[in-house]
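Using the sequences and the accompanying hints, generate a full structural model.
Each residue of the sequence shown is one higher than the one before, starting from 1 at the first, in the UniProt record's numbering.
Where hints are given, some of them may not hold.
Quick list of in silico lysine to aspartate or glutamate cross-link-like pairs, EDC-like style, CA-CA up to 20 Å [to be verified]:
id : residue 1 : residue 2
1  : 45        : 120
2  : 45        : 142
3  : 32        : 117
4  : 159       : 142
5  : 158       : 64
Ranges of calculated distance between the beta carbons of each label pair, as one might list FRET restraints [as the list claims (entries may be wrong)]:
id : residue 1 : residue 2 : range
6  : 58        : 90        : 30 to 36 Å
7  : 53        : 103       : 30 to 36 Å
8  : 80        : 56        : 34 to 40 Å
9  : 129       : 80        : 25 to 31 Å
10 : 95        : 139       : 16 to 22 Å
11 : 55        : 81        : 35 to 41 Å
12 : 80        : 53        : 35 to 41 Å
13 : 64        : 87        : 20 to 26 Å
14 : 88        : 116       : 25 to 31 Å
15 : 123       : 98        : 27 to 33 Å
16 : 46        : 80        : 34 to 40 Å
17 : 48        : 120       : 18 to 24 Å
18 : 91        : 45        : 33 to 39 Å
19 : 45        : 79        : 35 to 41 Å
Calculated from the structure, these hints are not laboratory results. The beta-carbon is built from N, C-alpha and C at its ideal position, and this holds for glycine as well.
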Amino acid sequence: MIQVLLAASLFMQTIAGPGPGPKTSGPEPLNKTGVLRLVNEIRSKGCQCGDTWYGPAAPLLWNDQLEAAAQSHSDDMFTRKYFAHRSPEGKNAGFRIEQAGYKWMSYGENIGMGYRDEAEVVNAWKGSPSHCKNLMNANFKEMGVARNGQYWTQTFGKK
1 MIQVLLAASL FMQTIAGPGP GPKTSGPEPL NKTGVLRLVN EIRSKGCQCG DTWYGPAAPL
61 LWNDQLEAAA QSHSDDMFTR KYFAHRSPEG KNAGFRIEQA GYKWMSYGEN IGMGYRDEAE
121 VVNAWKGSPS HCKNLMNANF KEMGVARNGQ YWTQTFGKK
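Printed below as a string of structure tokens:
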């Protein structure tokens, strides 16, 4: 069952392309409460993700381990100037999440580049069918988000 969930979760990983706004550099403060509120507002109402309607889903909880995994990926993309779910060595979100100490049964990841703030990046993820599916995945129970400069990472998990 874990492999099926992992395969489905990995299938949902995609990239939100460059967004509007200036390119910044270096670690950026994040409004954790604000980004969690934005995501949970979408989940509470349900959402049209491409051709598929997803009904309301339970709110996510913030998880510091998922935030740490997200931060490590945003930092790595910023430092080494790449934009992908897999590191140049092939390490994926599942590896990063485990390295942060989170023992997952399923996970997902959204990344984005070039967005100025939490509202812009969440709106972009909502507008991308595969990112939206991660936002609305009722299997996920927790999330963390981090950014470094223009590189945003959102990780989802279920223990």
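Here is how each hint holds up against the structure:
| no. | hint | result |
| --- | --- | --- |
| 1 | 45 - 120 | holds (19 Å) |
| 2 | 45 - 142 | holds (18 Å) |
| 3 | 32 - 117 | holds (12 Å) |
| 4 | 159 - 142 | holds (9 Å) |
| 5 | 158 - 64 | holds (13 Å) |
| 6 | 58 - 90: 30 to 36 Å | holds (33 Å) |
| 7 | 53 - 103: 30 to 36 Å | holds (32 Å) |
| 8 | 80 - 56: 34 to 40 Å | holds (39 Å) |
| 9 | 129 - 80: 25 to 31 Å | holds (28 Å) |
| 10 | 95 - 139: 16 to 22 Å | holds (20 Å) |
| 11 | 55 - 81: 35 to 41 Å | holds (40 Å) |
| 12 | 80 - 53: 35 to 41 Å | holds (38 Å) |
| 13 | 64 - 87: 20 to 26 Å | holds (22 Å) |
| 14 | 88 - 116: 25 to 31 Å | holds (27 Å) |
| 15 | 123 - 98: 27 to 33 Å | holds (30 Å) |
| 16 | 46 - 80: 34 to 40 Å | holds (38 Å) |
| 17 | 48 - 120: 18 to 24 Å | holds (20 Å) |
| 18 | 91 - 45: 33 to 39 Å | holds (35 Å) |
| 19 | 45 - 79: 35 to 41 Å | holds (37 Å) |
In terms of the numbered hints stated before, the structure departs from none.
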